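Just so you know, the sequences run in chain order X and L. Going by the working numbering, the first residue of the first sequence is number 1, and it counts up by one from there. Going by the working numbering, the first residue of the second sequence is number 225, and it counts up by one from there.
These aren't lab readings, by the way, just hints derived from the structure by calculation. Being a predicted model, the structure only gives us computed values, none of them experimental. Idealized CB from N, CA, C, for every residue including glycine. Errors might be hidden in some of the hints.
Calculated pairs, SDA-like style, for lysine to any residue (alpha carbon to alpha carbon, straight line, at most 20 Å) [said to hold, decoys possible]:
hint: 1; chain 1: X; residue 1: LYS130; chain 2: X; residue 2: GLN172
hint: 2; chain 1: X; residue 1: LYS142; chain 2: L; residue 2: LEU320
hint: 3; chain 1: X; residue 1: LYS142; chain 2: L; residue 2: ARG243
hint: 4; chain 1: X; residue 1: LYS142; chain 2: L; residue 2: LYS392
hint: 5; chain 1: X; residue 1: LYS130; chain 2: X; residue 2: GLY147
hint: 6; chain 1: X; residue 1: LYS130; chain 2: X; residue 2: GLN192
hint: 7; chain 1: L; residue 1: LYS388; chain 2: L; residue 2: SER376
hint: 8; chain 1: X; residue 1: LYS142; chain 2: L; residue 2: ARG291
hint: 9; chain 1: L; residue 1: LYS392; chain 2: L; residue 2: GLY265
hint: 10; chain 1: X; residue 1: LYS142; chain 2: L; residue 2: ILE331
hint: 11; chain 1: X; residue 1: LYS130; chain 2: X; residue 2: GLY146
hint: 12; chain 1: X; residue 1: LYS142; chain 2: X; residue 2: GLN172
hint: 13; chain 1: X; residue 1: LYS142; chain 2: L; residue 2: VAL245
hint: 14; chain 1: X; residue 1: LYS142; chain 2: L; residue 2: LEU246
hint: 15; chain 1: X; residue 1: LYS142; chain 2: L; residue 2: LEU239
hint: 16; chain 1: X; residue 1: LYS142; chain 2: L; residue 2: LYS388
hint: 17; chain 1: X; residue 1: LYS142; chain 2: L; residue 2: SER376
hint: 18; chain 1: L; residue 1: LYS392; chain 2: L; residue 2: MET382
hint: 19; chain 1: X; residue 1: LYS142; chain 2: L; residue 2: GLU292
hint: 20; chain 1: X; residue 1: LYS142; chain 2: L; residue 2: GLY244
Example chain L residues on the side facing chain X (calculated, C-beta under 8 Å, incomplete) [what the hints assert, rightly or not]:
hint: 21; residue: THR226
hint: 22; residue: MET234
hint: 23; residue: ARG242
hint: 24; residue: GLY301
hint: 25; residue: PHE302
hint: 26; residue: ARG366
hint: 27; residue: GLU369
hint: 28; residue: SER376
hint: 29; residue: ARG444
hint: 30; residue: HIS446
hint: 31; residue: PHE449
Here are the in silico distance ranges between beta carbons for each label pair [to be verified]:
hint: 32; chain 1: X; residue 1: GLN184; chain 2: L; residue 2: GLY289; range: 42 to 50 Å
hint: 33; chain 1: L; residue 1: VAL450; chain 2: X; residue 2: GLY35; range: 43 to 51 Å
hint: 34; chain 1: L; residue 1: VAL450; chain 2: X; residue 2: GLN192; range: 17 to 25 Å
hint: 35; chain 1: L; residue 1: THR445; chain 2: X; residue 2: ARG38; range: 17 to 25 Å
hint: 36; chain 1: L; residue 1: LEU372; chain 2: X; residue 2: ASP175; range: 37 to 45 Å
hint: 37; chain 1: X; residue 1: GLY60; chain 2: L; residue 2: GLN266; range: 55 to 63 Å
hint: 38; chain 1: X; residue 1: ARG38; chain 2: L; residue 2: LEU248; range: 40 to 48 Å
hint: 39; chain 1: X; residue 1: HIS28; chain 2: L; residue 2: VAL423; range: 43 to 51 Å
hint: 40; chain 1: L; residue 1: GLY289; chain 2: X; residue 2: ASP175; range: 43 to 51 Å
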Amino acid sequence: MRYSARAEQQLGGTSGPSSGRDVLLHAHGIVKRYGRRRVLNGVDLVVRAGEVAAIVGSNGAGKSSMLKICAGLLAPDEGRVTVSGRLGYCPQNAGVMGFLTPREHFTLFGTGRGMGGRDADRRGRELASKLDWQVARGTLAKDLSGGTRQKLNVVLSALGDPDVLLLDEPYQGFDRGSYVDFWQNVWGWRDQGKAIVVVTHMLNQLDQVDHVLDLSPDKQEAGR
Amino acid sequence: MTRTLRMAEMTLRELLRRRGVLGLLLLVPLVFYLGRHDQPGQAIRFVSLGVGFAVSTAALFSAVGGREIESRLTLSGFRPRHLYLGRMIALLTAGLLISALYAVVVIVDQDVANPQAVALELVLTTLVAVPLGLLLGLAVPRDLEGSLLLISVIGAQMVIDPAKDAAKVLPFWSTREIITYAVDGAGSGSLVSGATHAVVVTALLVLASGGVMSLRLRRRTHMQFV
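Isolated chain X, as found in the complex:
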């Protein structure tokens, strides 16, 4: 696997050269075992404000586990995660309420972020339009296509302007145009100073990210 000069391998070692920007996400020495299988083996990840990190690796390498650990949804066996600011997390599969409309989701998640109902609805629709999605008023989440439901997930994770965005293969089911729009959004969030971590299989994007964390077992061993 070849990476561009900008991409930086971060495996069980130190962070890259400091750019003087604040570290927003620091995962240190993450170990995760499932039974006797050790999936994450002392993994480190540092993402600063205005940086995008990609997590890559084969199936079962622990990419989603790493992201869940960073989000605080899964406890590691060892290691710590320090987050500066607010977190947004987009799961790999739709974790939404099927019998609510997308706009009701905006209101619900916005309320958690301290936003008013109208404000959350407006902001949700703005974010949706940037993914080429015009939100219909009465369609329930269960009736959305797979790709549109995933757009709903992305919007919900970005609602309320979180400082750190953790996105687990968020573009599944996206058409080509939406996929391009998604990455445009990612670059836009980076320009706004957010720290973004994307689990991805799409290697053609790796030359544009700031860090690449390869969780393939051989890479983890090599990094130790």
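Once you've looked at the hints, dock chain L against the given chain X.
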């Protein structure tokens, strides 16, 4: 408070849109009731257990179905107590509407000495049923296991002689006590002991289910926010 009420509003909206579920919620107690319609005391007891079963099942599926989104909502600023109380309020609202409906049916259809006690008994059954369903939904890995456990509880409630001491550990023991008072006009002891039992069981179930939910959605110790 805003977060709790918003959670309650959305949970209730979701529940009310599940028309098939709503239909079954209404049908289950009716089937229980009609099965023993010729015996007033038994008919009221069975409709109460039907309400308890239906409301507990709704709470169970609501708790299991909400697991994924609740973890995301905690990341969005909700606390476990907002989510728990919001879900509880929504389920209690739906359950009390069903209880009220069947209270009217029973009072109109049956000759009971104390109609208010029937209404009270159905309300108490709902109060017990919601946290019972939530507890099962939070404690089991999947809804199938929860459903089987709930069927076991309701089945035991139906077959164990309520006069036995062992029956008092079952969550809906209060139904027979209060119904005896309501139908036969027995001494008020049945009402007091039944109501006390229901309140104590409700409190224990709320504590247990709230505790399990807090544990599930706790902030993991490896996380540090600065």
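Tested hints:
{"no.": "1", "hint": "X:LYS130 to X:GLN172", "result": "17 Å, holds"}
{"no.": "2", "hint": "X:LYS142 to L:LEU320", "result": "28 Å, violated"}
{"no.": "3", "hint": "X:LYS142 to L:ARG243", "result": "15 Å, holds"}
{"no.": "4", "hint": "X:LYS142 to L:LYS392", "result": "43 Å, violated"}
{"no.": "5", "hint": "X:LYS130 to X:GLY147", "result": "14 Å, holds"}
{"no.": "6", "hint": "X:LYS130 to X:GLN192", "result": "15 Å, holds"}
{"no.": "7", "hint": "L:LYS388 to L:SER376", "result": "18 Å, holds"}
{"no.": "8", "hint": "X:LYS142 to L:ARG291", "result": "17 Å, holds"}
{"no.": "9", "hint": "L:LYS392 to L:GLY265", "result": "19 Å, holds"}
{"no.": "10", "hint": "X:LYS142 to L:ILE331", "result": "40 Å, violated"}
{"no.": "11", "hint": "X:LYS130 to X:GLY146", "result": "18 Å, holds"}
{"no.": "12", "hint": "X:LYS142 to X:GLN172", "result": "16 Å, holds"}
{"no.": "13", "hint": "X:LYS142 to L:VAL245", "result": "16 Å, holds"}
{"no.": "14", "hint": "X:LYS142 to L:LEU246", "result": "18 Å, holds"}
{"no.": "15", "hint": "X:LYS142 to L:LEU239", "result": "14 Å, holds"}
{"no.": "16", "hint": "X:LYS142 to L:LYS388", "result": "48 Å, violated"}
{"no.": "17", "hint": "X:LYS142 to L:SER376", "result": "32 Å, violated"}
{"no.": "18", "hint": "L:LYS392 to L:MET382", "result": "13 Å, holds"}
{"no.": "19", "hint": "X:LYS142 to L:GLU292", "result": "15 Å, holds"}
{"no.": "20", "hint": "X:LYS142 to L:GLY244", "result": "15 Å, holds"}
{"no.": "21", "hint": "THR226", "result": "6 Å, holds"}
{"no.": "22", "hint": "MET234", "result": "5 Å, holds"}
{"no.": "23", "hint": "ARG242", "result": "6 Å, holds"}
{"no.": "24", "hint": "GLY301", "result": "4 Å, holds"}
{"no.": "25", "hint": "PHE302", "result": "5 Å, holds"}
{"no.": "26", "hint": "ARG366", "result": "16 Å, violated"}
{"no.": "27", "hint": "GLU369", "result": "21 Å, violated"}
{"no.": "28", "hint": "SER376", "result": "29 Å, violated"}
{"no.": "29", "hint": "ARG444", "result": "5 Å, holds"}
{"no.": "30", "hint": "HIS446", "result": "5 Å, holds"}
{"no.": "31", "hint": "PHE449", "result": "5 Å, holds"}
{"no.": "32", "hint": "X:GLN184 to L:GLY289: 42 to 50 Å", "result": "34 Å, violated"}
{"no.": "33", "hint": "L:VAL450 to X:GLY35: 43 to 51 Å", "result": "34 Å, violated"}
{"no.": "34", "hint": "L:VAL450 to X:GLN192: 17 to 25 Å", "result": "20 Å, holds"}
{"no.": "35", "hint": "L:THR445 to X:ARG38: 17 to 25 Å", "result": "20 Å, holds"}
{"no.": "36", "hint": "L:LEU372 to X:ASP175: 37 to 45 Å", "result": "43 Å, holds"}
{"no.": "37", "hint": "X:GLY60 to L:GLN266: 55 to 63 Å", "result": "56 Å, holds"}
{"no.": "38", "hint": "X:ARG38 to L:LEU248: 40 to 48 Å", "result": "46 Å, holds"}
{"no.": "39", "hint": "X:HIS28 to L:VAL423: 43 to 51 Å", "result": "49 Å, holds"}
{"no.": "40", "hint": "L:GLY289 to X:ASP175: 43 to 51 Å", "result": "29 Å, violated"}
Checked against the numbered hints listed earlier, the structure breaks hints 2, 4, 10, 16, 17, 26, 27, 28, 32, 33, 40; every other hint is satisfied.
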